[in-house]
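Chain order of the listed sequences is A and B.
FYI, in this note's numbering the residues of the first sequence are 1 to 269.
FYI, in this note's numbering the residues of the second sequence are 270 to 565.
If you are wondering where the hints come from, they were derived from the structure by calculation, not from laboratory data.
Cβ coordinates follow ideal geometry from the N, Cα and C atoms, glycine included.
A couple of the hints might just be wrong.
[Said to hold, decoys possible] Restricting the straight-line Cα-Cα distance to at most 25 Å, the calculated cross-link-like pairs of lysine-lysine (DSS-like) are:
#, chain 1, residue 1, chain 2, residue 2
1, A, Lys80, A, Lys90
2, A, Lys90, B, Lys468
3, B, Lys361, B, Lys457
4, B, Lys468, A, Lys26
5, A, Lys139, A, Lys94
6, A, Lys137, A, Lys179
7, B, Lys457, B, Lys468
8, A, Lys94, B, Lys457
9, A, Lys139, A, Lys80
[As the list claims (entries may be wrong)] Here chain B is said to cover these stretches of chain A; the calculated rule only asks that three of the stretch's residues, wherever they fall, bring their Cβ under 8 Å from a Cβ of chain B:
#, segment
10, 22 to 30
11, 166 to 177
12, 202 to 214
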Amino acid sequence: MSSSAAAAAPGLVSARDVSKTFGSRKALDGVSVEVASGEMVALIGPSGSGKSTLLRSITGLQSIDPGKGTISVFGETVQKDGRVTGAVRKARGKLGMIFQQFNLVGRLSLFSNVMLGALGRLPAWQGLLGAWPKADKDKAMAALHRVGVSDYAAQRANTLSGGQQQRGAIARAIVQGAKAILADEPVASLDPVSARKVMELLVELNQRDGLGVIVTLHQVDYAIRYCDRVIALQGGKVVYDGPSTALDQARLIEIYGPEFEDAFWETKA
Amino acid sequence: MTDARVDMAVKGGVSPTAIPNPPKRSASALAFDVLLWGGLAIVLIASFGKVDMQNFGRLFSGSENISTYGAELLQPDWGAIFPPGDFWTSFKAIFTQPTASLAGQMWLTVQIALWGTFLAVFLALPLSLMASRNIAPGWMVFIVRRVMDLLRSIPDLVIATLFIVAVGLGPLAGVLALALNTGGVLAKLFSEAVESIDKGPVEGVRATGAGQLHEIVWGVFPQVAPLWTSFALYRFESNSRAATVLGLIGAGGIGQTLFESIQAFDYSRVAAIAIVIVVAVTLIDTLSQVMRKRLL
């Protein structure tokens, strides 16, 4: 939980001087971030500030600019010299990724989707044929039960509501045996009730299971309520990195501009 | 700067010069349109005489030939359609003795189409993935697409002739010809389906630490399965027609019987064959359409 813990062991993420350019726009501009293994961190900032880009770079879903920028995950270098390294698959296995649009395979059942979490650690042929071992099937059902959607296991993912799908995605991360969860705007497409449920699940995984969580959020009130540490990006640069309790009005105006109240969802400041 | 925009700008409280101009079609886009449609018109006019379009009127005037042969065509040889015997023997003979009746010959043709399409799907599966820009590297896409173009550009009649030389007269030559040609067509259709998938679920699978084959099997296949099946069914439909034509050069089936009957001036038999083909093709079309609708 605390940001000073586990300083010696390799942390969850160590990003050093990371830049990413899309065309002529710098999405990330020399970002350096260290996150220890059990932390719960919110990444905030206005649209286009680079939050999602940073998260996608950490899992190697996109490469960073060539140069001195490096990213390592649990001590394994996943990005270097502008390339995603061969170690990325191993690192991805330790990171459960949650997306804004859930990214479940719509035509597969919720259960099958959750089973896909086992792909990274099963022998390749078993994953290809979908010959899931009994133990993993049980694990998947247990995970679905834990997030509260086991009743829908046999239903096609695209027939479920957004909240149900997102909880399925969290179950997939649990089956994966992830040591940390990266969540990219996990609640941006959800109604407030589902959003709270999803955030509470992330907090529970962080506190009870000791998983590190890095979550990008549009809503500052969510960041303050659920996360201990907040990293704010603006124009691809880190403009704040510290405890969420120290985020006062002056800070928020600095990050979001005078219309900072728009960044709140449920409680207007 | 129009007045409307000045008004809007004043109301919105911004400087009129800050509002960008409405988008305009560029001169090069306009020139391209003129070139494209103008070019098409010129080619159509130039080829008018080359395809004897001036004789179009003959279709309605000189039709003595039609009345001579028409009489026989209007009296189809109904007896040749089904094998002789009571219902059950006749029904069994369609499937056991293809050459004994026209229905049997038609069934043989459908079987040629079925096997041709089946083999084509297996050919198209790897080719289509190798020809999809979102899966394969650019150089591979380029090479595989040229191979697919080649497969599609050779008419199946020509391929069938080659296979007749290789494996002899008969249905197998037809099957192989259909497989190659359809393989090229399906690979192109399949790859277009793959290129239009949502990359989200694929990233979802990738983010679990899965390998590239896993991404294809679990992220790509479920997304393209309905479209791929629909394309394969559609090609089976058109292959049923193509297999009929293949019979003309000796690849067996109803087409071969048709060719022999035309050469023997047996027009009542030709009429019966035409009926069988129309009924069978319509049946297959309807069936496959119903199945495709349920898939999508």
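Results for each hint:
{"no.": "1", "hint": "Lys80(A) to Lys90(A)", "verdict": "holds, 16 Å"}
{"no.": "2", "hint": "Lys90(A) to Lys468(B)", "verdict": "holds, 21 Å"}
{"no.": "3", "hint": "Lys361(B) to Lys457(B)", "verdict": "violated, 39 Å"}
{"no.": "4", "hint": "Lys468(B) to Lys26(A)", "verdict": "holds, 23 Å"}
{"no.": "5", "hint": "Lys139(A) to Lys94(A)", "verdict": "holds, 17 Å"}
{"no.": "6", "hint": "Lys137(A) to Lys179(A)", "verdict": "holds, 20 Å"}
{"no.": "7", "hint": "Lys457(B) to Lys468(B)", "verdict": "holds, 20 Å"}
{"no.": "8", "hint": "Lys94(A) to Lys457(B)", "verdict": "violated, 38 Å"}
{"no.": "9", "hint": "Lys139(A) to Lys80(A)", "verdict": "violated, 35 Å"}
{"no.": "10", "hint": "22 to 30", "verdict": "violated (count 0)"}
{"no.": "11", "hint": "166 to 177", "verdict": "holds (count 3)"}
{"no.": "12", "hint": "202 to 214", "verdict": "violated (count 0)"}
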